[in-house]
Amino acid sequence: MSDRAAMLAAIRQGLGRGALGAEARAALGRRQGATDSAPLLPGLAQGPLTQVFRTGLEKVSGSMAEIATEADVPRAVAGYLAAHGLAAEAVIAPSLEALDWAGTDLKVHFGPTRGGDLVGVSLAWRGVAENGSLVLLSGADNPTSLNFLPDHHLVVLHHKDLVPHLEMVWTALRERGAGGWPRTVNVITGPSRTADIELTIQLGAHGPRSLHVLLVS
Amino acid sequence: MQSQSHAFPERAVHALHDQTLQVALRRAKDGFAVKRAVAVAGLPEFDALRDRAVQIKNHTLEHLDHYLEQYAEAVERSGGTVHWASSAEDARRIVVEICRAADAKMITKGKSMVGEEVGINDALEGAGFEVVETDLGEYIIQLAHEPPSHIIVPAVHKTRGQISDLFHENHQKYGLTRRLTEVPEMVNEARLILRDKYLAADVGITGANFLIAETGTNVIVTNEGNGDLTCSLPRVHIVTAGIEKVVPTAEDASTLLRLLARSATGQDLTTYTTFSTGPKREGDPDGPDEYHVVLIDNGRSTMLADQFREMLRCIRCGACMNHCPVYGAIGGHAYGWVYPGPMGSILTPLSVGLKEAGHLPNACTLNGHCADVCPVRIPLPDLLRTLRHQEYQLHLGAKRLRWGLAAWVWFTSHPRLYRLGTRVQARMLALLAGRKGRFTRMPLAGGWFRGGRDLPAPQGETFMAAWHRRQRDPGQRAQAQRNLDQREQAQREQGQ
Chain A
1 MSDRAAMLAA IRQGLGRGAL GAEARAALGR RQGATDSAPL LPGLAQGPLT QVFRTGLEKV
61 SGSMAEIATE ADVPRAVAGY LAAHGLAAEA VIAPSLEALD WAGTDLKVHF GPTRGGDLVG
121 VSLAWRGVAE NGSLVLLSGA DNPTSLNFLP DHHLVVLHHK DLVPHLEMVW TALRERGAGG
181 WPRTVNVITG PSRTADIELT IQLGAHGPRS LHVLLVS
Chain B
1 MQSQSHAFPE RAVHALHDQT LQVALRRAKD GFAVKRAVAV AGLPEFDALR DRAVQIKNHT
61 LEHLDHYLEQ YAEAVERSGG TVHWASSAED ARRIVVEICR AADAKMITKG KSMVGEEVGI
121 NDALEGAGFE VVETDLGEYI IQLAHEPPSH IIVPAVHKTR GQISDLFHEN HQKYGLTRRL
181 TEVPEMVNEA RLILRDKYLA ADVGITGANF LIAETGTNVI VTNEGNGDLT CSLPRVHIVT
241 AGIEKVVPTA EDASTLLRLL ARSATGQDLT TYTTFSTGPK REGDPDGPDE YHVVLIDNGR
301 STMLADQFRE MLRCIRCGAC MNHCPVYGAI GGHAYGWVYP GPMGSILTPL SVGLKEAGHL
361 PNACTLNGHC ADVCPVRIPL PDLLRTLRHQ EYQLHLGAKR LRWGLAAWVW FTSHPRLYRL
421 GTRVQARMLA LLAGRKGRFT RMPLAGGWFR GGRDLPAPQG ETFMAAWHRR QRDPGQRAQA
481 QRNLDQREQA QREQGQ
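Residue numbers (the numbering used here), protein chains in the order written: chain A, 1 to 217; chain B, 1 to 496.
There may be inaccurate statements among the hints.
To give an idea of the interface, some chain B residues facing chain A are shown, with a C-beta separation under 8 Å as derived from the structure [to be verified]:
1) 26
2) 248
3) 249
4) 252
It is worth saying that the hints were derived from the structure and are not from the lab. Using N, Cα and C, we set each Cβ at its ideal position, and we do this for glycine too.
With these hints in hand, go ahead and build the complete structure from the sequences.
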């Protein structure tokens, strides 16, 4: 017996039954999930989604600025770096390469990072208002390393991509079809933190020390 | 990992007298309970979500074979490999083989309790690999050569001073010789050292908080970003997961995620929730070339057969130990294996046997706090009682305890004799104690008085006698009723 067959047999013995028939398995496959009903979604605070998102993000020490169009992103990034006394250098996700970075005095390169960059700029696929979370998908245009290695992470989020709950992200991923799920889906809620020494919260454990969202309205 | 649970009484006494540990434990206890209470109060749907979570876990366990097969097929479709490990030994062998085949030298790890359970680190180090834990807490206890003392904050028993010493001793080889005293500089030094390890690692090993059957995805939650770097940077990613981690869909995982962080740390959601599916795709600039999942049974399928199936709902949040007076007094190491506190007092005897770990289910006050806070409503006190019962039936407890219990059972089933006995005893003890009303020593009970503890003496009357006296005296009965009325009135006013 293969390892797989042996383990499945042990599980069925524990359950006190044999293998499920094709019909029973097909019925399970048609379910929407374990509870076979729409997920229970917590009510959100009153007010516009942007405000709910901002409240969640600021609760976990993230920050946010609203800009009018995507074309304003390079200037907003340059402004953020200057305001925080950071060198005018950044690694940018290829998904944002088409923007006019040359129009600023930023020194930029596009692609993944191996940790030599202090600032990374990425594009979020969705924002989730419930907890102020960002959803980033891996892919040729969106290196996962930008989400974790730079000290400062700036993330562009389009207002149209803001959804109330995480469940809407899964629905949208199913609708993406063929490719389905990318290798990595990062749900990011604030900058990196640890409380492993005397339960004292310290930002910037292994990932970014700061997280700043540029919301394109 | 080798169990030391048989030595629980000695280890517990040692822990109670360890002043440094007591300082660390006091700090932890209140912090966690208060943070959880605040987070739960902020989500009116919390209890309804708990009911959903119970449904999700029960349904999945009832059809565990189906969902594991569905999960494995989805992993393979996305280019990953699934390995099936019936025992801890199988799991260790499989992980070592994957690392050998990858020609690995350096291995980084994200925090994984099942990894501790099956002893991955020792196996890998024994096979000559360099293994580095990357969760700050796990890194600290790896330097100290200790097992975790808590499933969420493994180094909760260490003080800042002890961590400073460990870093000073172990970081000199990197040219870092300054002694650190502040938390931020210690976190920064660990960040600096571990950054190089991530980048140099050939294999990254993480656990899984959930496995999603529909998509073949593993989910990990971290606050530091360490597990996320571990599964993204090395060329091979290995996931070790207990078979009970599977859920049907991402929506089911989302329901459980709303409960997990609130119950564990009092956060609404952890900083990073990372969903990994297979190896990197064509054109991806980063991510691993190989993706392996090791599904581990190690006694779980046996638990499906009886009431201990309920224990398989556990999502490893740690709320039960954060609210346990016994854990709060002695910390995690006294329990002697991987899982401490109430959940550990059930999992340990089920894994290493009641003969080895029979003390653990007895080290419980049955106050029920653990069940009250459990996000998946595991009836922990009931399961602990069942284990006590099994221990008694198997004649495993200490002889003295068995005789004592048998004598007590005989007495309580003869109420007249019991009352007479207690009446005589209460009067005698009151006389013996004299005016002080306290004992400072007593024959055969020397242990109680160790360390200067005394024992209040009975006041000469049993509860039953006092009750009957009050019932007979109309004046006292009326006073008792007035007291009761007043208390109820006060409670009503408080409620408004």
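Cross-check of the supplied hints:
Taken as an interface hint, residue 26 of chain B does not check out: its beta carbon lies about 11 Å from the nearest beta carbon of chain A, beyond 8 Å. This hint holds: residue 248 of chain B has a C-beta 5 Å from the nearest C-beta of chain A, less than the 8 Å allowed. Here the hint on residue 249 of chain B is kept, as its CB sits about 4 Å from the closest CB of chain A, short of 8 Å. Annotation: interface hint on residue 252 of chain B holds; nearest CB of chain A at approximately 5 Å, less than 8 Å.
Checked against the numbered hints given earlier, this structure breaks only hint 1.
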